[in-house]
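What follows is each chain in one-letter form.
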Amino acid sequence: MKALPVGDRALLVEVSGGEEAAALHAELLRRRAVGELRVREIVPAARTVLLDGLDEPAGRLAAQLPHWELPPPAPREDDAVHIPVRYDGPDLADVAALWGVAVEDVPRIHAAAEFRVAFCGFAPGFGYLTGLPARYDVPRRSTPRTSVPAGSVALAGPYTGVYPRSSPGGWQLIGTTDTVLWDHARVPAALLAPGTLVRFVPEVTA
Amino acid sequence: MTDRAMAVVRAGALTTVQDEGRPGHAHLGVPHSGALDLPASRLANRLVGNPPGAAVLETTLNGCAVRPRCDVTVAVVGAPCTVTLDGRPVAWGAPVRVPAGALLDLGPALSGVRSYAAFAGGVAVEPVLGSRSTDLLSGLGPAPLADGAVLPLGTVSSAHTRVDVAPQPGPPRELVLRISLGPRADWFTEASLRTLTTRAYRVSSASNRIGLRTEGPPLLRASEGELPSEGMVLGAVQVPPDGRPVVFLADHPTTGGYPVVAVVRQEDLPAAAQATPGTPVRFVPAAGR
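Heads up: the sequence lines are chains Y and A, in that order. To convert, take the position in the first sequence, counting from 1, and add 38; that gives our numbering. To convert, take the position in the second sequence, counting from 1, and add 75; that gives our numbering.
Simulated from the structure, these hints should not be mistaken for laboratory data. Every residue gets a Cβ at the ideal spot worked out from N, C-alpha and C, and that includes glycine. One or more hints might be untrue.
From the derived model, a few chain A residues whose C-beta atoms are all more than 10 Å from chain Y [as the list claims (entries may be wrong)]:
(1) 128
(2) 142
(3) 157
(4) 171
(5) 257
(6) 258
(7) 273
(8) 279
(9) 290
(10) 308
(11) 310
(12) 328
(13) 351
Here's a subset of chain Y near chain A, in silico, CB distances under 8 Å, partners left out [claimed, not checked]:
(14) 82
(15) 85
(16) 90
(17) 92
(18) 95
Using the sequences and the hints, build the whole thing.
Right, here's the structure in full:
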């Protein structure tokens, strides 16, 4: 674990990978909740956690952090968010080809995985979900689409994501959901926050 | 007339509603947002007796015009501009009483980029996640002003003291941004780090509320490779593949995948909000680092 100063009041903590980032994120939230850490933003990402808006100069915490013991995140088996999906995306056949499986197998493989929101970004409510085995990593499309419809379930690299609203995007689209990912009138506004467990449930068409 | 609202007569190039922003949601992908020249928006609020975080209008280069439906005290600060009431000049940088039905016009910026108009009671659009700010990156908050739109005004509280006049900095002829090296400075060649702090850059016309883009000598990577997305702070100097530094402003994305070579002191960012395209930019090492 390495803590890199980002100006005076922020630290970028670099870790070995997604699991350590999740453990560090959980520990940072715990310390903030009990008042041991005062910071405005805790932003996990692929291999880092950013602490922004520290109420003390970043240097002191930078020196302490590498000595922290990180308890493994507590399992959260019972609170997975279920997202019903129609596996009808325009890139379904391409993904099946990249995976070397039949098109009908893509929903089964995808829905069998248990996902976790590794981090958010790109748009409010967009979560980068990990959980598919590494052999199912796929590249982005060589030409991004100018408009991806809201509710599109998509793959890129090791991640699955669901577009909260229509936007440009280069991910491989495998399905569609009616689940509302972001509604600022709802509390909480984001259905998916870092750490949330997610399962995709194939919708059976009658 | 008791209708506490105002009609937008001329929206201008880009006029948005701004307050102190939407902190605490970066982990959900929600930008901070808020007035780019925060000292100016706070001063505008003080001039009309509002709390510092009341929502104001932020214009871009060519002002805007509104017609309040109620008597309201208004103050315009930030980029200097001609302010008129039904065509007659009134004070800039001081409170002005606007009668119901009069046309308040903020002319083009005489220097600088963004003028701020505060209205006693504040612009009372519906808050989103605790803020009334327009966020251009993710589309949260009210849409940018459009001709014919009607914006509600809040009720006047008497709890806050007013100031009648206050000094404020002029827009920069040269933008000097004090930096400390960023978390990914080691992704750039030593020569490029020297380039950043010794050579002249200029503000690019592609600048917006998301970032101050610059033109100048490109920074070269010490090694190629891709950086996994990581959290981004206000003032981060991010370097995209073309090598031209971009200083992240209020509507910046919360995570990004280009390396951050340096971070600008927060105190220097209001001047960045007022630097017109073509303004010379110098990045200088912050003292003590």
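Taking the hints in turn, this is what the structure says about them:
Every CB of chain Y lies more than 10 Å from the CB of residue 128 (chain A), the least distance being 15 Å, so the non-interface label holds. Once the 10 Å rule is applied to beta carbons, residue 142 (chain A) is consistent with being away from chain Y; the minimum gap is 30 Å. No beta-carbon of chain Y comes within 10 Å of the beta-carbon of residue 157 (chain A); the shortest separation is about 37 Å. With a closest Cβ-Cβ approach of about 34 Å to chain Y, residue 171 (chain A) is found to remain outside the 10 Å limit, as its non-interface label requires.
Listed as outside the interface, residue 257 (chain A) is inconsistent with that label: its C-beta sits roughly 6 Å from the nearest C-beta of chain Y, within the 10 Å cut-off. At the 10 Å boundary, the C-beta of residue 258 (chain A) falls inside the reach of chain Y, the nearest C-beta of that chain being 4 Å off. With 10 Å as the threshold on Cβ separation, the claim that residue 273 (chain A) sits away from chain Y holds: the shortest Cβ distance comes to roughly 21 Å. Listed as outside the interface, residue 279 (chain A) is consistent with that label: its C-beta sits roughly 22 Å from the nearest C-beta of chain Y, beyond the 10 Å cut-off.
For residue 290 (chain A), the requirement that its beta carbon stay farther than 10 Å from each beta carbon of chain Y is met, with the minimum near 24 Å. Residue placement check: residue 308 (chain A) does not keep its beta carbon more than 10 Å from all beta carbons of chain Y (closest about 5 Å). The Cβ of residue 310 (chain A) sits about 6 Å from the closest Cβ of chain Y, inside the 10 Å cut-off, so the non-interface label is violated. For residue 328 (chain A), the non-interface assignment is contradicted: its Cβ lies about 7 Å from the closest Cβ of chain Y, within the 10 Å cut-off.
Residue-level check passed: residue 351 (chain A) sits 26 Å from the nearest beta carbon of chain Y, beyond 10 Å. Annotation: interface hint on residue 82 (chain Y) holds; nearest CB of chain A at approximately 7 Å, less than 8 Å. The beta carbon of residue 85 (chain Y) is positioned within 8 Å of a beta carbon in chain A (closest approach about 5 Å), and the interface hint is therefore held. Using the Cβ-Cβ criterion of 8 Å, the hint placing residue 90 (chain Y) at the interface with chain A is satisfied: the shortest such distance is roughly 5 Å.
A cut of 8 Å between beta carbons decides the hint on residue 92 (chain Y): the least distance to chain A is about 11 Å, and the hint is violated. For the restraint placing residue 95 (chain Y) at the interface with chain A, the shortest Cβ-Cβ distance is roughly 11 Å, beyond the 8 Å limit, so the hint is violated.
Violated hints, listed in ascending order, are 5, 6, 10, 11, 12, 17, 18; each of the other numbered hints is respected by the structure.
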